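Here's the letter readout for the chains.
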Amino acid sequence: MKLWPLRRANGDVAAPVAAVTRGQPHKQVLRPVSPVFIWTSLAASLALDLLPWGRTPLVPDFLALALVFWNVHQPRRVGMGAAFLFGLLMDVHDGALFGEHALAYTLLSYGAIALHRRIQWFPVTSQSLYVLPLLLLAQIASAAVRLWVGSASNNWWIGLTESAVGALLWPLVTWILLAPQRRPISRDETRPL
Amino acid sequence: MEYGPPPLFNQGVSARARLAFFSFLAVLLIIIDARVNALDTIRIGVGVMLYYPQRALLWPRDALEGAGRYLATVGSLTRENSRLRESATERAAQLLQDEQLRTENARLRQLAGLRERTGAKSQAVQVLYEPRDRFTHRLVIDRGSSDGLRAGNPVIDEQGVVGQVTRVFPMMAEVTVLTERDQSIPVEVVRNGLRCVAFGGSEPGTLELRYLAANADVSSGDAVVTSGLDGLYPAGLPVGTIGRVERDVKDQFARVIVHPTASVDANTALVVLQLTAAPLPAPSREDPRNEHPGRRSARR
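Keeping their order, the protein sequence lines are chains X and A.
As numbered in this note's numbering, the first sequence has no gaps in its residue numbers, which increase by one up to the final residue, 193.
As numbered in this note's numbering, the second sequence has no gaps in its residue numbers, which increase by one up to the final residue, 300.
For reference, chain A alone in the conformation it holds in the complex (with noise of 0.2 Å):
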């Protein structure tokens, strides 16, 4: 020991040799994460550990925000209350027939034989918090796997579709928001039935309508709703306003900007449904020549 060198200089693996190595562990773990899905498993676990970590701190805000509440003026209480036993009595009558429409359109659909329209159980959930995320915008909310939400389960407000559980942690799931570039939702124009695809926009706040033919007739005011054909957002929920149509000349579809209804941005109490019928099967993705085995046979 006396002997040995001395250890002034002795700082173990050098800084170059660790920062490839952590950099590798971090470029491997990004691309089985993007690529293969393989890592959920321990997200939930770190997840889990930090759920309550992050319920405490969201301690600080509530308390402000129900300080704030609590200083409320009578004034602004009563204004409130007024504007929501108004609109109260504006429902009461639409839900009245509503429940009317309902059954007729049960009895009619029975007597035409069409399949049931899928139902969707409702679970209302709160906002917890929005992740610290500048490339995309989530929100996170406080109902997760323990209460049976899956990803894939369509979020909504009371003005229309706000975008999809996208990840589900037990206590806790992440939902993406519908302008969201990756998003996309089948959607249907109400005027005339038209049915189309729709897509976060490239304009934030904003959802576009693609491979619309560039003579579709589509004009701005037409009210969006969604098709209910993915078997994972029930029909006929308000997605948005068409804002504009731009028709180019020399481009094949024209570039329809979608307005949504939902406030994407100022929400705290949102509904999650869950579509108590199975979805659809996924379509198979066999080679399409295998479903003709007497061409292929003849081909040979």
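Next comes chain X alone, as it looks inside the complex (with noise of 0.2 Å):
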């Protein structure tokens, strides 16, 4: 991991990759995102999703809201390729027909990286109203699949009620997958701004 100031051969300072949260109360320039704990936090939510839920209700699809959030905060580092790849490891884990959970996540992908200059301008809250469609989306699309191949069983609904718990977590999950960059830059009382 990098750290912050970093100093080319020459004395300079790297000028900061300006990401701001915008429409919030404190606006704040925040770290460029270290690639490492992208993955690391990728990887994390998916041993979330590895634990042994079983069948117990309302626990929401970690991974799918790690997806989200990196599509919507880093689209160029994060994209549909990536979704694919985690949904084929969910599909083997889950016993799913091959395919089903990379076709979820692409969707879901495709989603947040479409909405993901709109959804920033938004307080957190709100912007758990734009993350519920979308992992709604995820979820239905792999009932249908399942629908068309023919076992479904009927009360397939109720799992819906995770993606409503998973959008509730929104605001928890953009604290600590930003909490790296949010990190105060070394205090230099000398530096002018």
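Read the hints as simulated data drawn from the structure, not as lab findings.
It should be emphasised that the depicted structure is a prediction, and the values quoted were computed from it without experimental measurement.
The C-beta atom is built at its ideal place from N, Cα and C for all residues, glycine as well.
Please note that a few of the clues may not be correct.
Where chain X lies over chain A, by a calculated footprint (3+ residues, C-beta under 8 Å) [what the hints assert, rightly or not]:
#1 27-40
#2 70-79
#3 122-130
What follows is a list of derived Cβ distance ranges for each label pair [said to hold, decoys possible]:
#4 A:Gln252 / X:Trp148: 28 to 34 Å
#5 X:Ser126 / A:Ile42: 48 to 54 Å
#6 A:Ser14 / X:Leu137: 18 to 24 Å
Quick partial rundown of chain X residues pointing at chain A, CB under 8 Å, derived from the structure [what the hints assert, rightly or not]:
#7 Pro32
#8 Asp94
#9 Ala102
Need the complex rebuilt from these two chains, each delivered in its own frame; the hints are there to steer you.
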């Protein structure tokens, strides 16, 4: 992990990547994201999904949440390819049809990337309202695949409440995953800005 | 380089093109997996890759359970101990009788010139986890093809049939429970030997006997066991008891709901049966007309 400030060979300080959290009461210049943190967080959310939840109700799909988060905040680093590959992993773990989660996560990722400029204008709590339909879209896509293949039980729609829980968790996810970028830059009292 | 277009808006392939590509790929995979079953090697490869993380992630739950067991009170342990001893003594008598009956039965079958009943090797397994799948009810167990399990092996608990192994990985296997919609199992009613096929019921947690005539001799409370006709399940394993029989005048078939004896939800220890005899050969798919060459030639 690179530490701020980066000093170039000629001694200049590298310019910060100005990613500002817009529309929030306390505007703050975020530090550049570390790719290591992105992939670690995605792996951790996959691990959360691999935990033996069984048929416990109301457990959200953590991987879907993390994918939406990174697609919204770093659409050029985490795209549909990553979503597709993580989907294949989930397919094997869940014993689902090969490609079912991959399709759902691809659609989810496309939705998040298409909305990423708009979502960031809203405060975090309102962003949940954009995340909810995205998560629902993913779940309905996989349900549609099951109904098409003909192996869905009659009460599959109860699972849709998981998306609501996921959307409620969105502010928490944002807080956790943005935390490394919010860390104060090394304090320097003499610097003018 | 200096005179090239600014890289400001250069984002590579457009998002829609990527969406089209990846969703096409996913749909292709789904179709291949659902219709051709050609992706099992890839699935097994990914499954082996995921195996160790999966096992590692089961550890927190197992540790919690272990801690809970460690802190179990002496009272509950003595209670459980006495209950187990009771059931053991109860079964000891049954077992003695059973042994005698089995030898007698074998001798009688030999005398009558009947084919030997298929024997089954049994293997105790542990349930690792239930996949987070809202659509189908499955269990993942801790033995796989390296222990000789094969897709199609019946899975039982101490009360009856739980389900069937449907997919095998080298070190794990997936079990689909009986009450799943796609599952079917050949059964017979103990009281009168009526044979039929039980399917996963439309109500969750139940089975249904299909294709029974509306006047079939079944009534609520009858025990249902496997008939062993498919060569996959050994005969005589308890499947369930008939709960409700609906005979509708306008319908040709009776609607028979069966409640499974095995507890499909709360099991951690199961037994997989591996039949030693080869299953019966599948019926040939040839055109039935070929079986009557005489008639065919006569027609020509």
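Against the structure, test the hints numbered earlier, and report the numbers of the ones violated in rising order.
2, 5, 7
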